[in-house]
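*Asks:* Sequence:
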Amino acid sequence: MNKFKDITALIILGVSLIGAIALIALAWLSPAPSSMVTNLLNIILFGLSSISAVITGYFFARSSTSEKVDTIAEQSTEKMVHLSLQLQHLKSYLQETLDVADNESAIHLAAAINAYRHRVEAAADMTASLASSNEAFRNDWLGVVSLASRKTIEKKYDKLREYLQDNETYERLKAERSTGAVSEIDEPKVTEQLRVVEERIENAKKQLPIQQSFVRLAPPPPAVSVEQNIAGGTDSKQKGTLRVRLLRPVYRATGSGRLAPQMRSVPRISTKLVSHPPDLIAGDFRFAPGTGTNFDFHIGLKSMAFGVNLPVGDYVFEYEATIDDRINNTPESCVSARTKGAV
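Position 271, counted from 1, in the sequence shown is what my numbering calls 271; the numbers after and before it change by one each time, with no gaps.
FYI, nobody ran anything at the bench for these hints, they're computed from the structure. This one's a predicted model, so the numbers in the text were calculated from it and none came from an experiment. Any given hint could be a false lead.
Claimed, not checked - Simulated crosslink set (DSS-like; lysine-lysine; CA at most 25 Å straight-line):
no., residue 1, residue 2
1, Lys205, Lys174
2, Lys205, Lys91
3, Lys205, Lys156
4, Lys91, Lys156
5, Lys174, Lys155
6, Lys302, Lys272
7, Lys205, Lys155
Make the full structure from the sequences, and use the hints.
*Replies:* Laid out in structure tokens, this is it:
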């Protein structure tokens with residue numbers, strides 16, 4: 001429709017200019033035009049000049065409006081690209097928060113950690129959805145801007161799309177290599193792919209309005225390390241020692257051990273604390289063994305003093321796992337003992 005209007009206006013403008021030139025030539029060539037003819041020519045020339053001025057103003061206004069729309073569209077594109085990048089950064093930030101939660105899961109309640117993980121994962125998915133919704137805004141602008149601005153907008157979005165895809169590829173390859181999913185044969189190929197993708201990401205950062213808005217969370221060092229010595233046993237009775245080493249002061253901690261061979265059902269676990277750090281105060285500490293499977297068990301440690309963490313050092317436990325057929329192989333609820341009574 002706009003194209004038809006432009007063509008019609010151009011035709012009228014051309015006819016008006018030709019008519020005006022023809023009237024001027026006629027008046028110039030006429031030997032002695034009467035006053036009536038002169039007045040008529042003046043009126044016609046005025047009308048043609050007015051039409052030409054209106055059409056010229058129309059095209060000037062169209063050009064000015066188009067320029068303003070292009071400017072606003074390009075500025076909006078910058079903002080939308082920036083929004084997508086920030087949402088991508090937020091997603092990465094939340095994923096790093098999950099890593100921190102996983103690292104701390106040994107010293108927090110499992111139910112609380114699971115709820116925390118589910119909420120963070122949902123937030124990460126929502127940010128990814130918001131980032132992809134900017135495609136709709138891009139399509140809206142492409143319908144009203146000029147050809148030059150359309151090319152500029154498409155170029156920026158293509159670069160954004162490549163950047164996001166390269167980030168996903170980089171994270172996937174790193175995860176595969178860290179989990180041992182990459183064989184020795186494929187290791188050089190994956191390393192080269194990581195190098196190429198990383199170069200593309202760095203080049204894209206120079207062309208996109210990337211800003212670092214979040215402080216990266218560095219996962220804290222592990223709080224617990226465990227050493228187990230299995231003294232021997234069968235599928236009905238096992239014993240050994242479990243050394244739970246606290247690497248930094250914490251309020252509670254958990255050490256896990258394995259049952260080897262696997263027991264024929266869920267066993268009862270009994271434990272005895274045979275060694276602990278010298279700074280540990282008797283009565284201010286509790287430990288509780290537990291299990292819910294036939295292949296592993298755990299010992300939970302907790303400080304009983306308000307605001308006081310467990311001291312750093314080795315907590316050595318002797319454990320015994322037995323099958324009690326009299327109680328229908330149900331796991332022990334939770335056996336706990338004061339340090340004073342267990343040492």
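*Asks:* If you draw a straight line from the CA of Lys205 to the CA of Lys156, is it 25 Å or shorter?
*Replies:* holds, 12 Å
*Asks:* Do the alpha carbons of Lys205 and Lys91 lie within 25 Å of each other, as the hint requires?
*Replies:* holds, 17 Å
*Asks:* Lys205 and Lys174 were given as a pair; does the straight-line alpha-carbon distance stay at or below 25 Å?
*Replies:* holds, 20 Å
*Asks:* Within a Cα-Cα threshold of 25 Å, do Lys91 and Lys156 meet the stated pairing?
*Replies:* holds, 21 Å
*Asks:* For the pair we were handed, Lys205 and Lys155, check the Cα-Cα distance against 25 Å.
*Replies:* holds, 15 Å
*Asks:* When you check the alpha-carbon spacing of Lys302 and Lys272, does it fall within 25 Å?
*Replies:* holds, 15 Å
*Asks:* If you draw a straight line from the CA of Lys174 to the CA of Lys155, is it 25 Å or shorter?
*Replies:* violated, 29 Å
Of the numbered hints given earlier, the model fails hint 5 alone.
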